[in-house]
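Let the sequences and hints guide you as you build the complete structure.
So you can see what is in the structure, the chains are spelled out below.
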Amino acid sequence: MIEDNIQELDDARLIERAKLGEVEAFGCLYERYLESIYRYIRTRVAEDRTAEDLTETVFLRSFESLSRYKEKGLRFSAFLYQVARNLLVDHYRREEEELPIESADQISISPSRIDDTIVHQDQVDSLRVSLEALPEEYHEIIRLRVLLELSTKECAQWIGHSEGAVRVLLHRAMKALKRQVVKDYEPQA
Amino acid sequence: MNRKLDWVIDECLSRIQTGDETVQDCIQAYPELKDTLEPLLALALQVNERLAPEKPAAQFVGNAKVRILNQVKASATSTSSAKPQPRRVRSISFHRRRWSMVIAGVVIAAMLFGSGIGMKQASASALPGDTLYPVKRAGEKIQLAISSTTDGDIALLYEFAESRLDEAQTLSQQGRFDDLGIALDGFEDAMSTLEEIAQDGEIGKGKLDLAKIQAKHEKHVQVLERVREQVPEHARAAIDHAIERSSHSEEVLKVIHEGGNPSDLAPGQVKVKPDKDKNKEKPEKPEK
Numbered sequence: 000m001i002e003d004n005i006q007e008l009d010d011a012r013l014i015e016r017a018k019l020g021e022v023e024a025f026g027c028l029y030e031r032y033l034e035s036i037y038r039y040i041r042t043r044v045a046e047d048r049t050a051e052d053l054t055e056t057v058f059l060r061s062f063e064s065l066s067r068y069k070e071k072g073l074r075f076s077a078f079l080y081q082v083a084r085n086l087l088v089d090h091y092r093r094e095e096e097e098l099p100i101e102s103a104d105q106i107s108i109s110p111s112r113i114d115d116t117i118v119h120q121d122q123v124d125s126l127r128v129s130l131e132a133l134p135e136e137y138h139e140i141i142r143l144r145v146l147l148e149l150s151t152k153e154c155a156q157w158i159g160h161s162e163g164a165v166r167v168l169l170h171r172a173m174k175a176l177k178r179q180v181v182k183d184y185e186p187q188a
Numbered sequence: 000m001n002r003k004l005d006w007v008i009d010e011c012l013s014r015i016q017t018g019d020e021t022v023q024d025c026i027q028a029y030p031e032l033k034d035t036l037e038p039l040l041a042l043a044l045q046v047n048e049r050l051a052p053e054k055p056a057a058q059f060v061g062n063a064k065v066r067i068l069n070q071v072k073a074s075a076t077s078t079s080s081a082k083p084q085p086r087r088v089r090s091i092s093f094h095r096r097r098w099s100m101v102i103a104g105v106v107i108a109a110m111l112f113g114s115g116i117g118m119k120q121a122s123a124s125a126l127p128g129d130t131l132y133p134v135k136r137a138g139e140k141i142q143l144a145i146s147s148t149t150d151g152d153i154a155l156l157y158e159f160a161e162s163r164l165d166e167a168q169t170l171s172q173q174g175r176f177d178d179l180g181i182a183l184d185g186f187e188d189a190m191s192t193l194e195e196i197a198q199d200g201e202i203g204k205g206k207l208d209l210a211k212i213q214a215k216h217e218k219h220v221q222v223l224e225r226v227r228e229q230v231p232e233h234a235r236a237a238i239d240h241a242i243e244r245s246s247h248s249e250e251v252l253k254v255i256h257e258g259g260n261p262s263d264l265a266p267g268q269v270k271v272k273p274d275k276d277k278n279k280e281k282p283e284k285p286e287k
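Sequence lines, in order, name chains A and B.
First residue of the first sequence? That's 0 in numbering that gives the first Met the number 0, and the numbers climb one at a time after it.
First residue of the second sequence? That's 0 in numbering that gives the first Met the number 0, and the numbers climb one at a time after it.
Please note that a few of the clues may not be correct.
Said to hold, decoys possible - Which residues of chain A face chain B? A few of them, derived with a C-beta cut under 7 Å, are:
no., residue
1, Tyr-29
2, Ser-64
3, Leu-73
4, Phe-78
5, Arg-127
Stated by the list, open to error - Lysine-lysine pairs mimicking DSSO-like chemistry, simulated, CA-CA at most 27 Å apart:
no., chain 1, residue 1, chain 2, residue 2
6, A, Lys-69, B, Lys-253
7, A, Lys-152, A, Lys-177
8, A, Lys-174, B, Lys-33
9, A, Lys-69, B, Lys-211
10, B, Lys-253, B, Lys-206
11, A, Lys-152, B, Lys-54
12, A, Lys-152, A, Lys-69
13, A, Lys-174, B, Lys-3
14, B, Lys-253, B, Lys-215
15, A, Lys-177, B, Lys-3
16, A, Lys-69, B, Lys-64
17, B, Lys-218, B, Lys-253
18, B, Lys-206, A, Lys-69
19, B, Lys-3, B, Lys-33
20, B, Lys-3, A, Lys-152
21, B, Lys-54, B, Lys-64
22, B, Lys-211, B, Lys-253
23, A, Lys-177, B, Lys-33
24, A, Lys-152, A, Lys-174
25, A, Lys-182, B, Lys-33
By construction, these hints were calculated from the structure, which means they are not laboratory data.
The C-beta atom is built at its ideal place from N, Cα and C for all residues, glycine as well.
Okay, here's the thing in structure tokens:
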């Protein structure tokens, strides 16, 4: 009977039960947050496969530290997000060590596909270039609020700011992106 | 005006994302903001259409779940076979228990931060608006999430609050007033979490070191007043608000220490400050 209702439990109850070793409870948390964590990581790495590996590691690490996790103003989804960010920091550092000059994106393009890729990038990736030129804080709020379509409240919980600060940040970030897009498209003198 | 625009952009984006409205509907609702609103919303839509990531592949979702839950099961089994231990721990001396907690904390911190320690150190002096600042704040969140005692939580939150005040001081010295709001917001968040934890933490009557707490809050006010003198007029309301927040938190802790119920405090109730705050109205939460 308990099993029938487990999907309806809130995060705090699921965490309590997962801490007691109830694997299904952690399974519910996984199902609840897998998509948002995967999609967040996917906005930050070039390959599906890398995003999959990192997502899996986020959940395993979260379970390892679950016994010490208490909400204390940090929602479980925000906790997963922080673990994901730390993993990404390590991931980029390892990549930098392995790829001294070009980025992984550039290396993954095979020479025979360069022409097609350039046309495709003109249409699809030019915005990514403009986005990447923004300060990290602006880029991050656009990832969360615009790409992942998280609510303002969720963004506030994830990045640890108030909802008002998230609104201000989003407005500034979109204005900066608009300026950057104009600059990137400006014909060279 | 800017504050309204912040709100309108966010509200319109929410309505467009839920499919309730189009960009045109939003512009019709706020015709006076058309010139600013239209390009920003159109750009947000373009960014979403072109760059939003796909959902994870169904095969990965299923396979990863099996792998993760198998590992969780294995880990839970090994934990449950050692389950009587926490009960035995209660009978060992306080110092040994304390040390076991410290060692466990170090192991978990090492697991979480892994080789990111260098990054964490590098971010220690980051200020709001700096690239590494989110790393610094993320590290703090994790420290708090894995702290295992109410006393530890309270000490950490005072440490974070002081760190926000140091940031506010440095930002004001550097004239970076636009970023000041993030530091003050972080300070208020630390105070508000402190109140929540103190209320939920089953602190016994007379258990808090009230003199130490009072000294900390006095220091908050001193620092904030120093910052207040360095910032332009429009940024002062945010500082006044932070001062009030600190005083309110001090009152909450005092009530808990005296065995009372902090919810008896009226919202925003603080101790009355003589002199210069006497005639000041409660400031509206300013734009940051």
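Each hint tested on the structure:
Residue-level restraint check for Tyr-29(A) holds (minimum Cβ-Cβ distance to chain B is 6 Å; threshold 7 Å). Nearest Cβ of chain B to the Cβ of Ser-64(A): about 5 Å, under the 7 Å cut. The hint holds. For the restraint placing Leu-73(A) at the interface with chain B, the shortest Cβ-Cβ distance is roughly 5 Å, inside the 7 Å limit, so the hint holds. Interface hint status for Phe-78(A): upheld, as the beta-carbon distance to the closest one in chain B is roughly 6 Å, under 7 Å.
Against a cut-off of 7 Å between C-beta atoms, the interface hint on Arg-127(A) holds, since the closest Cβ of chain B lies about 6 Å away. Only pairs whose Cα atoms come within 27 Å are accepted, and Lys-69(A) paired with Lys-253(B) is accepted, the gap being roughly 24 Å. In summary, the hint linking Lys-152(A) to Lys-177(A) is supported, as the alpha carbons are separated by about 24 Å, within the 27 Å threshold. With a C-alpha separation of about 14 Å, the suggested pairing of Lys-174(A) with Lys-33(B) holds against the 27 Å cut-off.
Taking the CA atoms of Lys-69(A) and Lys-211(B), the gap is near 26 Å; set against the 27 Å cutoff, the hint holds. Distance check on the hinted pair: Lys-253(B) and Lys-206(B) sit about 11 Å apart at the alpha-carbon level, within 27 Å; holds. Taking the CA atoms of Lys-152(A) and Lys-54(B), the gap is about 22 Å. The hint holds against a cut of 27 Å. With a C-alpha separation of about 20 Å, the suggested pairing of Lys-152(A) with Lys-69(A) holds against the 27 Å cut-off.
The suggested pairing of Lys-174(A) with Lys-3(B) holds, with an alpha-carbon distance near 15 Å, which does not exceed 27 Å. In summary, the hint linking Lys-253(B) to Lys-215(B) is supported, as the alpha carbons are separated by about 13 Å, within the 27 Å threshold. Taken as a hint, the Lys-177(A) and Lys-3(B) pair is honoured in the structure, with Cα atoms around 19 Å apart against an allowance of 27 Å. Only pairs whose Cα atoms come within 27 Å are accepted, and Lys-69(A) paired with Lys-64(B) is accepted, the gap being roughly 24 Å.
Restraint check for Lys-218(B) and Lys-253(B): the C-alpha separation of about 17 Å stays at or below 27 Å, so the hint holds. Among the hinted pairs, Lys-206(B) with Lys-69(A) is consistent with the structure: their alpha-carbon atoms are about 22 Å apart, no more than 27 Å. For the hint pairing Lys-3(B) with Lys-33(B), the CA-to-CA distance comes to about 13 Å; that is within 27 Å, so the pair holds. About 18 Å separates the Cα atoms of Lys-3(B) and Lys-152(A), which keeps this hinted pair within 27 Å; it holds.
About 15 Å separates the Cα atoms of Lys-54(B) and Lys-64(B), which keeps this hinted pair within 27 Å; it holds. For a cut-off of 27 Å, the pair hint linking Lys-211(B) to Lys-253(B) stands: about 12 Å separates their Cα positions. Distance hint between Lys-177(A) and Lys-33(B) is fulfilled; the C-alpha atoms sit about 15 Å from each other, no more than 27 Å. As the CA atoms of Lys-152(A) and Lys-174(A) are separated by approximately 21 Å, the hinted pair is consistent with the 27 Å bound.
Proximity of Lys-182(A) to Lys-33(B) is assessed by CA-CA distance (about 22 Å); at most 27 Å being required, the pair is judged to hold.
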